[in-house]
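With these hints in hand, go ahead and build the complete structure from the sequences.
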Amino acid sequence: MKVVTGVVGNDIHVVANRLIELSLNARGFEVFNLGVNTYLEEFFDAVVETGADILLISSLNGEAEGWSREIKLLKSKYKNLDNLVMMIGGNLVVGSADADTIVPKYKNYGFDLVFHQVDLNTGLDTLEEFLKERDK
Amino acid sequence: MSLLQEERKIILSNEYVDNFDFAEVEEFVKNASKDLFISHHFKTIDKMLVQPRGGFPTYKKQFALNEFFVEANVDVLPLTIDSNTRLNDYATAKKMLRLSEENDVDMLNGYPLVNHGYRNTRKMVTHFNKPVSLRHGTPDARLLIETAIASGIFEIEGGPITYLLPYSKNFPLDKAFLYWKYVEKICANYSKLNEPINRESFGPLTATLVPPAITIVIQLLEMLLSLEEGVKSFSVSFSQTGSMNQDIVMGAVIRKLSKHYAEQINCGDATINLVYHQWMGAFPTNKDFAEQLINMSTVIASMVGADKIITKTREEASGIPTKEANAKTVANTQYTLGILNGLPNIVDAEEEEILTLEVHAIMEAVFNDPADTLWRKVFNSIKNGIIDVPFSPHIINHNEMITIRDAKKNIRIIKKGNVPIPDRCFEYEKAQCDLTKDTTSIVNDIIHDIGIMQ
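Residue numbers (our numbering), protein chains in the order written: chain A, 1 to 136; chain B, 1 to 454.
Quick caveat, the hints were computed from the structure, so don't treat them as lab data. Among the hints, a few may not be true.
Unchecked claim - If you want the ones that stay clear, here's a sample from chain B, every Cβ over 12 Å from chain A, calculated:
| no. | residue |
| --- | --- |
| 1 | 6 |
| 2 | 34 |
| 3 | 166 |
| 4 | 281 |
| 5 | 305 |
| 6 | 322 |
| 7 | 325 |
| 8 | 335 |
| 9 | 350 |
| 10 | 352 |
| 11 | 376 |
| 12 | 392 |
| 13 | 430 |
| 14 | 438 |
| 15 | 453 |
As the list claims (entries may be wrong) - Pairs of lysine-lysine residues, derived as PhoX-like cross-links and limited to a Cα-Cα distance of at most 25 Å, are as follows:
| no. | chain 1 | residue 1 | chain 2 | residue 2 |
| --- | --- | --- | --- | --- |
| 16 | A | 2 | B | 34 |
| 17 | B | 409 | B | 287 |
| 18 | A | 2 | B | 415 |
| 19 | B | 34 | B | 130 |
Claimed, not checked - Ranges of calculated distance between the beta carbons of each label pair, as one might list FRET restraints:
| no. | chain 1 | residue 1 | chain 2 | residue 2 | range |
| --- | --- | --- | --- | --- | --- |
| 20 | B | 23 | A | 73 | 57 to 65 Å |
| 21 | A | 104 | B | 319 | 44 to 52 Å |
| 22 | B | 440 | A | 69 | 29 to 37 Å |
| 23 | A | 61 | B | 417 | 27 to 35 Å |
| 24 | B | 383 | A | 125 | 36 to 44 Å |
| 25 | A | 30 | B | 317 | 35 to 43 Å |
| 26 | A | 30 | B | 436 | 39 to 47 Å |
| 27 | A | 103 | B | 63 | 45 to 53 Å |
| 28 | A | 2 | B | 417 | 54 to 62 Å |
| 29 | B | 383 | A | 72 | 37 to 45 Å |
Just so it is clear, CB atoms sit at the ideal spot from N, CA and C, and this is done for glycine as well.
Set out below in C-alpha cells:
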C-alpha cells in the first residue's frame, strides 16, 4: 500500500519524519516522503501523482491546526480522493491542550485517524487495524 | 573593476545597508587591537578558550549580556544573528528591532547586525576589546560578513555545507557554494592587513547520530574550500557524540587529517584549530542535570585537547537562556578547566585506524569526481550520496545512511547508502551492533539513541 507523508507548513523538524519513513518501510508500505516544510497542495498533488492510499501528515511545532482548517475546501478541488485514508500525528496544537478536545476537532477537519502526542508505533498499529477493518 | 568588486557593489546596493567607507574599514582593520583577533589568542594562549552562545535584538541588551560574560571571565564573546537576517530579510528584521526597542520585549532571536550597522556595532566590540565570534546559519552571508568585519568581528562561523544541510529544505546548494566563496575571499583579503581572520566550520551538523566519518569529511572539505581562497586561520569542529572514547578518537583523527589535507594543497602554513561543542542534542529538562551534562562535556573537551569550547546553559531545554544562566555556564566551565589537571593520554589505535580509512576513502571519492573545481566535486558528491548526512532536512541529501549506537554508545553505521565506506570498516562498524533485531525494534533503538541525555 502506498503512503504519502511529510511535515506540514514551515516546520523544519526532521527527526520524527525520518523515523516515520523507516517504520512505514519496515511495515511493508511503499513510502513517498515529501520531508519537512511541505504545503497542503503539495501533499494532495503527491497523492494524485502516486495514487497513494494513505496520507500521513505530521506536525511538531503545532502549525498543523492553522493549515488543517483548509483541508476540506482544498480536497474538494481534487477528484477521486474519497477512498484516501487521512491520518495526522505529532504535536497538534501550539501551546498545550488535551487529546479529548483536539481529536474531535481534527476529525471535523477531515482526518480519519488523529494522534496527539501518541508514540509512533501505537499510531502505526492503529493505522494497520483501521485498514484491516475497512477492507473486511 | 574586478569581478569581486562588481559583486561587492551589487551586495551593497540595498536600502538597509550602511554607507560603506572601505578605505576607513581597511584602516580600522589594519590598526585594530590584536586582542580582537581570536587567531592571535590561539597563537599566544595555551588554555582552552571558552565561548558561550548568545544574541539579543537591541544594542542595549547585547551590551548588557556582554557585561555579564566579561564578569564571568569569558574568553570569546558570541554574536548570534536573528533568523530574519539569516534569510536576508532585512525589512522584517528592521521592523522587529523597532518593536523590540519600543516595547522592551524581544521580537527577534538574535542581533540584527545589518540593521544595527557596522559603525554602531564597532563601538560595542572595541569597548569590550575581546574577540567576537559571529554565529548565524546564513546561506548567503556576503553582506553580513562585510558588516561583521567592518565592526571588528574577526571570527566567522559557517560554511556552504554546514550552514545549509542542517537548516534548509531547498535553498540551492550550488548558490551557497558561490556565496561562501565570496565570504572566504573577503576574509582572506582582510587577513593580509593584520592578524588573520579566523573561519570556523559548524561540525555538529544535525547533532543527531551523525557518524564521525561524515563529520570529519565535511570539516575537511570546508577547510580546503576556505584555505584555497587564501584563509590562513581555520577551526574545524565537532560536538559531543555521547561516547567519550569516540570523541577522543575523533579529536585525534581530525587533527591529524586536517594537517595532512592542508599540506596536500600547499596550505600547510595555515593554522588549524580544534573546537568542541558541548552536547548539541536534546537536553534534560531538569536544570541541575543539565549542569552535570555541561560539566561532563567540559571534561571530555579537555581529554580531546580542544583549543576552544562552545558552551550550553542549564536552560537549554526551555528556550533562549537568560544572561544570568548564560554567564553562569561560562564561570562554571572556567572553574572546571582550572581544576582539571593531570589528564591521562588515551589512544585507541584500532578505532583511529578504522576512522582514518573511512575518511580517506570518502575524500578520495570526492576528489575523483570529474568536475573541474573542488566546490563542484563536493556539490556532486552530496548530490549523488557519497556524502550523506543523517537527519538533514535538505532535498539534495540522500538520507540512505542509517546509524545507531552500539553497547558503549558509539555511533555506528549500519546502512551506508552510497557512502564509500571500505568493506573492512563497514564490517567492523556492524560487528559492534546487535543487528539480529527486526526493523521496528531498531527504530525504537534509534529513538532511544537520539534522546540518551534526557
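Exercise. When the hints from earlier in the document are held up against this structure, which numbers fail?
Worked result: Checked against the structure, the hints that fail are numbers 3, 4, 12, 14, 16, 21, 26 and 28, while the rest are satisfied.
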